[in-house]
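The hints should help you fit chains W, Y and C onto chain D, whose structure is shown.
Listed below are the residues making up each chain.
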Amino acid sequence: MAICVSSTVADGAAVVAEIERRSGERVSACYQCGRCTSTCTGSFAFDYPPHRIMRLLQLGQVDEVLNSRTAQLCFDCMTCSTRCPMNIDVANVIEHAKMIADELGIEGDEKDIRLFRLAFLQNVRRHGRLHEARLLTWINLRSFKPFNDLELVPLILRKKKIHIVPPRIRNRRLIHRIFREVNGGDES
Amino acid sequence: MAELKLIGFLCNWCSYAGADMAGTARMKQPGELRIIRLPCTGRVNPLLILKAFQQGADGVLVSGCHPGDCHYNEGNYYARRRLELLSRMLPAFGIEPERFHFTWVSASEGARWADVVTQFTRKIEAMGKMSGAEQGTPPAKASCEAGVGAPDEQTGSEDAVPA
Amino acid sequence: MNDDSRKVSAAINAPAAAEPGRNAYSYFPGCSLTGSAGEYDASFRLTSEALGIRLDEISDWNCCGASPAPHHWSGNLGVLLPARNLHIAGDGHEAMVAPCAGCYNRLKNAQHELTGSEELREQAARVLEEPVRYEIEILNLVELFAREVSPEALAERVQGRLAGLNLATYYGCLLTRPAKIMNFDNHRNPVSMKPLLRATGAQSDHFPFKSECCGSYMGLAKKEIVLRASRRVIEVAAGLGFDAIVTACPLCHQNLDLRQGQINKAFGTSLDMPVLYYSQVLGLALGLGSDDLGIDAHAISARKLLAKIGKGAGGPAAATSLKPEANQSTPASIGTIPAAGS
Amino acid sequence: MRIGVFVCQCGTNIAGTVATDKVAEAALSMRDVLHAETLQYTCSDPGQRAIIDAVQKKGLTRVVIAACSPRMHETTFRRTIGQAGMNAYMMEMVNIREHCSWIHSDIDIATDKAIDLVQKGVARVRRQVPLYSTTVPVTRRVLVIGGGVAGIQAALDIADSGLPVTLVERGPTIGGNMARLDKTFPTLDCSSCILTPRMVEAKQHENIRLMVNAEIEQVRGYIGNFEVDVRKKATCVIEDKCTGCMICQEKCPGKAPDEFNAGVGQSKAISIPFPQAVPMVAALRKEYCRQFINGKCGVCKKVCPADAVDYEQVDEITTEMFGAVVVATGYELYDWREAYPDYGGGQYPDVVTSLQYERMLSASGPTAGHVQRPSDGAEPKQVVFVSCVGSRDESVGRPLCCSVGCMYIAKQAILTKEHIPDSQSYVFYIDIRATGKGYEEFTRRAQKEFGAIYLRGRVGKIYPSNGQLVVMGTDTLSGGPVEIEADLVVLATGFSAARGAGELARKLNISYDQYEFLSESHPKLRPVETTTGGIFLAGACQAPKDIPDSVAQASAAAAKVIGLLSRGEIETSPMVAAVDQLRCIGCFKCRDVCPYNAIEALELRDGRQVAKVIDTLCQGCGVCNVACPPSVVSLKGYTDNQLIAETMELLR
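Chains as they are written, first to last, in this note's numbering: chain D, 7 to 194; chain W, 2 to 164; chain Y, 6 to 347; chain C, 33 to 684.
Incorrect hints may appear among the rest.
As the list claims (entries may be wrong) - Straight-line Cα separation of at most 35 Å, DSBU-like style, residue types lysine-lysine; simulated pairs:
(1) K287(C) x K480(C)
(2) K117(D) x K309(Y)
(3) K185(Y) x K124(W)
(4) K29(W) x K185(Y)
(5) K309(Y) x K166(D)
In case anyone wonders, no lab produced these hints; they're calculated from the structure. Every value quoted in this text rests on a predicted model; they were computed, and no experiment measured them.
Isolated chain D (complex conformation):
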């Protein structure tokens, strides 16, 4: 389904309908009690706390939602979903907003989190399993924060929490095939 993003309420409705269809949730069920926001783990770092995301969707203001830090940063801890008195899986709604933002190529300002996800998957694609040391290094270099978490390194080494040699699975061909499958043939 082609989605036209616009801040007008009329066009927004189509995106909201798509989010509702994919997530199976009804945004109109929300009565803005704010309980999701009361204990949201990350809302201090978000621009819109979860209840406002729901409100914006109710009003069809999808531009704000798809471009929000919330959509990029929400890490799906589902605390809000557990507490919603209307049984709305709020995290699931945000999750689908995020995926639609991705499909539309909306990058947003939160580069690091995208980088993390990308790095993680590249790492897995290469070895079949995650190589934590390489992930950390890769992210630090790519995000231009070489000293991030550096203070942990001696601790990690002392506690033997890291493997220098990457773990690899035998059937890496299959892993590549899976990535090709989801990328429509493109393995990158």
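This is chains W, Y and C only, laid out in the frame that chain D set:
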């Protein structure tokens, strides 16, 4: 395929009121079911249901008060006993027992009623119409007529009554 | 020590051991347990062995995809990666165990989605080049122990070895959410760890933050979220007088333990809260060696806690009473957090 | 046979989806139908006149009205055709609104269905015969169940009209929940000051008999003549002898929970709930009494100056006849603990319910009106009120609004400031629902004059920290999460139906909803009646309600009862069973199944035993009709022929 014919026998106090409530709340439902009102499911004669099948009903739904909630104390328990028996006997008449459904819907369960109608209609839709061979199989016909008898238009007592 | 513990297990699980296959499980360690959470793996294997549970590691398993896979590829990467593991996990086992809460969550989600979608099953079959097998029962280690070990038997065996400790049970998010897929006891108030912990002689009071989030995988990309969320979990536990936090998730462990120093630095706090894996605690109760269980591999030392065990010091004063120690009549603050990202 | 069919448009309610003209046109082709027309509002005066005109001009002998639910207007139209000179039962209603136009959107489907239903109605009415009601005398006595403010009001109003009333209360005193309140909104009247005089009046009224510690055991009969067994529970105190001196309570060594004070403080195993109790009689609770637990104590018996204690007392069951019943069983607070682990699930002593807080505020309460937090007795300075606990929450199966929480929170916030001038109240609310007279002004006062800070958002979590409680909430108006350190948290818990309400409803044969609130007969037009004739509702047993509404409904129920019993006799429904005695084989299967013992044996002159229906007992369920082997028992108005004809017509 011709339209399905579904008949619902509903008790006045719980299920009919529940269906009213579904209506008041504008809960959309499939259009095949026709409702016949009774005081109580205890008034539902199993032979009447056989008769309905024999006359070409594709599905029959009976709905009353929840156990313990009968307006007449125990009518729904009689209904349950009679209709469970009927349900077990249906295959002997060549009628799939799934075409008959007995349930409880209270006066406050409008949403449940809408759901019952929808589910039941979908189920019968999936089963299709009663095949011609099933209709009026001899045993069904025989017992129905022995039991309740076809309504005799002439016994309609209009003429005996001063108007 | 290990010989001893085998006897322990025989005593505890005598009836279960008689049923062949019942207590043998397919084992999915996941990336963390073969990497930074090696002590979780070690303690799980040792404790299971001591309890008479056989673990058969799945051969050539791959990463479950963790959080990034389902998030960023709408093309079902989050299902296909775990699907391969489900596919190869069977091998005569009726159930598999995934001690990592993240893997457990991914595997169960994938199973749920495969169950509901013919299309997905076809896609999986295309990739695997044979019909996908996905019906194997998936357990977390908490569920596994709850199923295999009776609190009464454990209590009889361990003779109150952990008496004097008050342990905070911490479930986090991934074990219990989303509730309708995880079906992990009561998602609003999970309690599965409690019976066995109490059976060890330890106290385990209500921990109000048992299912709050520690900040999840944001450590690398948005560290402030983790530091803030984890700080609160630890602070509440400390304030209520718990001796340690018990978890069953390597990611939670990493945030609460490894980053506890970062938290102290960032907020000027002096938190010193040991964070133990559930399998480590049960191992300790069974008398397994703390070195073997990897208690030492943690950033926050559990030395004080270990010293407490066996001394039977009557337990710390439980902090359920809300009587203030000192009258800190600081005016209540309404901390309204500005809407814009800080 | 001359049948007229009237198709109602109900404005656009029906005509919007059903082509009523087509229905009328189709009706004209049905057998014996010689008149059919559509009417805009059939139930209105012009609509009813149109029916009467048609009946009289065209000599109609039967009428079919296709309109709304017969549960709505069957009696209306029976009266109409009665006015037209017909027998009231020669009319059949078919439901083309609730069961048709309102549930379909496709005009063709709805119209086809409406035609089918009319066809069914015509088939049925063709086989209808005139029916005639009889009358039975009524018992001019009234039972009121529940001694809260609604029950007291109903009992007083009915008793004032001269009818004898028995007021049955389950607990040891009347007064109900209102007696536990400190003040009432929006006037801040002292609750006891306005209620206790009414309690005393009820006790002293010559037409009221109080039965406390009593419960309804069984109910038989029907409107006008209910036969009710009441169980008077053994309290080990002889009521007539007890003088209410309370010496027993003083000396009793057995501690017991203080139910009247909602668990704040403690009571004794033998006690009088509160000093203004009516009747002022002690009651003993065996489960806490040492005499019953250990077999030795006997202190109360020894100290009682009136010799009123009797350990051997047993439950007594009395049976009485009543013409009408008013049910006023009230409510209790929703037990929030299981459903809200995030609020501590009852583990934090300083998280209390609104009723517990009410007792803490009350001068006659366990703390004598000094607000003290339970954990340490300190005076709280920061009090947080949390609204909608167990209300408006589908995730715990309670989507309903408690309808009074907003108001009593405002009241308690005001009283908090009055009790502790340097305190600060915070109120977490979702919407302020203040629709009664003076209510909106009252909630404004709580904020404007008493400084309560209202925060719009639902609380997510409460946890203990440094001897205080941290309340994690939201203020959606300023946009984000809010945290407050509180000394005391008051939960505005919602209303549940009184314990056992459903069970009582089953005994009375009245309906109730999924929360066990009792159902009125019609939400708008019959708000105090139940679906069972002669049984009426008053107060919060029907739905959450405040005091003025409860009192108003109680008076309304009283008016209904007085109206009913003023007639001395009542008409019975003629739709009862009848036996064709010529063909009856005397097997008495009908008698065996009858739930009302309404069938007796009759010996005919030829010595044959046949079944006979007692019309005044028969309630018309039709169970006997089905049970009769030769099909000779027939329910009038729902005969086999009618039902078969309806069925056949639908399957044509």
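- Item | Hinted pair K309(Y) and K166(D), Cα distance within 35 Å | OK: K309(Y) and K166(D) at ~22 Å, within 35 Å.
- Query: Taken at face value, is the distance from the CA of K185(Y) to the CA of K29(W) at most 35 Å?
  - Reply: Between K29(W) and K185(Y) the Cα gap is close to 28 Å, so the pair holds against 35 Å.
- Task: Would you check the hint for K287(C) and K480(C), treating anything up to 35 Å between C-alpha atoms as holding?
- Result: violated (44 Å)
- Distance restraint between K185(Y) and K124(W), which requires alpha-carbon spacing of 35 Å or less: Holds. K185(Y) to K124(W) sits at ~26 Å (cutoff 35 Å).
- Would you mind confirming whether the straight-line C-alpha gap from K117(D) to K309(Y) stays at or under 35 Å? violated (42 Å)
When held up to the earlier numbered hints, the structure conflicts with 1, 2 and fits the remainder.
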